[in-house]
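Asks: What follows is the residue order along each chain.
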Amino acid sequence: MGASKIIFYIISTFILGTGILAVTATKIFRAAIWLLFSLIGIAALYFWMQLEFIAAVQIIVYVGGIVVLIIFSIFLTQKSGDEMPKPLQQRKLFSLFAVFFAFAFTYLLIHQYGFYSSNPQPFELKISDIGMQMLSTTEHGFILPFEVVSMLLLAAMIGCIVIAMKAKTE
Amino acid sequence: MLSLEGITNFIDEGLNATFNPTIALLCEFAIVGICAITLFATLGLVLVLMERKVAAFMQIRLGPNRVGPMGMFQTAADTLKLVMKEGLTPDGADKFLFNLAPFIVMIAAMLLLAPIAFAKGFQIWDINIGVLYISAISSISVIGILMAGWASNNKYSLLGAMRSGAQIVSYELSAGLSIITIVVLTGSIQLSDIVASQENGWWLFKGHIPVIISFIIFIIAVTAETNRAPFDLAEAESELTAGFHTEYSGMKFALFFLAEYINIFIACAIGATLFLGGWMPFHIGSWHAFNHIMDYIPSSLWFVGKTFFLIFLMMWFRWTFPRLRVDQLLNLEWKYLLPISMFNLLLVTIVAIMGWHF
Amino acid sequence: MFLKEYIKDIYNAVKSLLTGMKLTGYYFTHHKEIITEQYPENRETLNLSERFRGEVVMIHDENNEHACTGCSACELACPNGTIKIINKFEINAEGKKKKAIDTFIYHLELCTMCNLCIVACPTDTIKMAQNFEHSVYDRSLLTKKLNHSGSKIREGVE
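Protein chains in written order, with our numbering: chain A, 1 to 170; chain B, 1001 to 1358; chain C, 2001 to 2158.
Hints were generated in silico from the structure; no laboratory data involved. Note that the Cβ used here is the ideal one computed from N, Cα and C, for glycine as well.
Distance condition first, Cα-Cα at most 20 Å in a straight line; then the derived DMTMM-like pairs of lysine to aspartate or glutamate:
(1) A:K27 / B:D1094
(2) B:K1053 / B:D1078
(3) B:K1053 / C:E2037
(4) B:K1095 / A:E83
(5) A:K126 / A:E52
(6) B:K1053 / C:E2033
(7) B:K1335 / C:D2009
(8) B:K1155 / A:E83
(9) A:K166 / B:D1327
(10) A:K27 / B:D1091
Computed footprint of chain B on chain A, listed as stretches where at least three residues anywhere in the stretch have a Cβ under 8 Å from a Cβ of chain B:
(11) 19 to 33
(12) 61 to 68
Generate the whole structure from the sequences, applying the supplied hints.
Replies: Structure below.
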């Protein structure tokens, strides 16, 4: 087992461990922090795969954006410091079922995919290529989803402004 | 001439000649780590002393002048005091997160050091996504601040943390947009490429008006992101009794304090790299004789000089302007800086496409 | 027009900020006049302002005479019991009993330098001195006797 493999297993254990802690934590703020570490671990996995661009985007979007928003909304709730009540027994059972079936489903998918051993030579990923691919109109271009997503974001932004706007008092 | 690049190459070759590559790499890791920590400690000492001296000079005072000649060892004495103090953890605090928070802030500051080019060929990690990496990692440090504020179990800390969060999240936008203007002009987000593109003049002069606007926006946004006056609402002493680090004492407080100054240094180093050419000496277009004379000044001196000039600028802001209110702070970002920087980005794109820069 | 106002706002903001920076920049580069005092070094040439109050003292002239009649107006005026006057009765040349002070006790550790005793004094016997180096290792040293030993009241002061 090479050093690279050891690092992979360390990162994976970190992701899974913090993920389990995020689910089982009794304080909601701690759960958010464990989730944060889990997401950072995934970014580390991308770094390990030498996909720096995706790793950086993962950190910006999830750590800098989503988790900060989650923490903010926790701050605004009343009982953020209190311990949460124990979940009901039935809920535990059903969540166990859900976990089991999801695991089985993913396992099946991965098993049937039949990975062929990828070519070992490292690939060079240029940022300008990503940009070109995003805006290319050829068969494998991403121009349509890119534009659709930007429309979605624009709609979300306008919605935010409408919600935040003060009604005119006359 | 003795250059830093020569020294690093010498060490690299020496280690590779004596050990096998893995051990040599580990040794280099250790050396880089020790160098980074030493740099941090010295920077903390120097910058705090500089801040106090600059503050004193601007307020017609003398500043620290008792410990050592001209008060040079004042900050060393302060550090010694902080080391000897007890690190209290308040009752009712979330102990684990409370103790973790200063380290997260510090680690984020340390990670930011990696892609900065200190001199010609003297860079820890020339990562190919340089600028993106910097904006990614700098968003981690806000987590440390939020964590500290929440875990302290103190309403002032929580308020400070929330202010800091709102501030950093909003000012990241205009900082990012002003960084993008340089990326548009350079066509690369690797820091070494950005430095290399300024060989015939710094972007601040080559890109004239739009780049000057984005430089001003960058400085304002970066001052806000490092929580410095006039944007120090997060730690406003007079309102929140130091905000998120109210409950911290001893070495944990020192880590927050150090991280603040390290962040200033890093922000200014990035500003110097993007707008003032990093380690690149002052070159003017095709004046080869002039450029050659400028090359005689070592590149590390250029880098340090530019960075400290920007740091001085930020200190100048701090000791001149009064603190903003929260609504003023958000107004400034969302109603002024963000629209201007978006418009400016368009302008820069036009300039870059038409080739109107020098 | 909105855009005109907007640009005007920015212009004014930048201008006022630059004015402030110009002033601090001027102070930074013209580092000659220092407004703070270098205390232990300039002890001889200390320049204290006229109204600075350090402690209460009693004025004695060259004959070791003061003007205190022992009326204890200052004791009554003091808001926190800093002054305590102990009187005695002397028999003067005409065989009359006359009130005079025995000890004028002044607790420096309680004094807030409010100046009320000075205002209350009908004969201007006490005044505020400008000495401020009061630190001692023993608290009892701060309790002072203001009238000098062997001093007596000046002739003609009633």
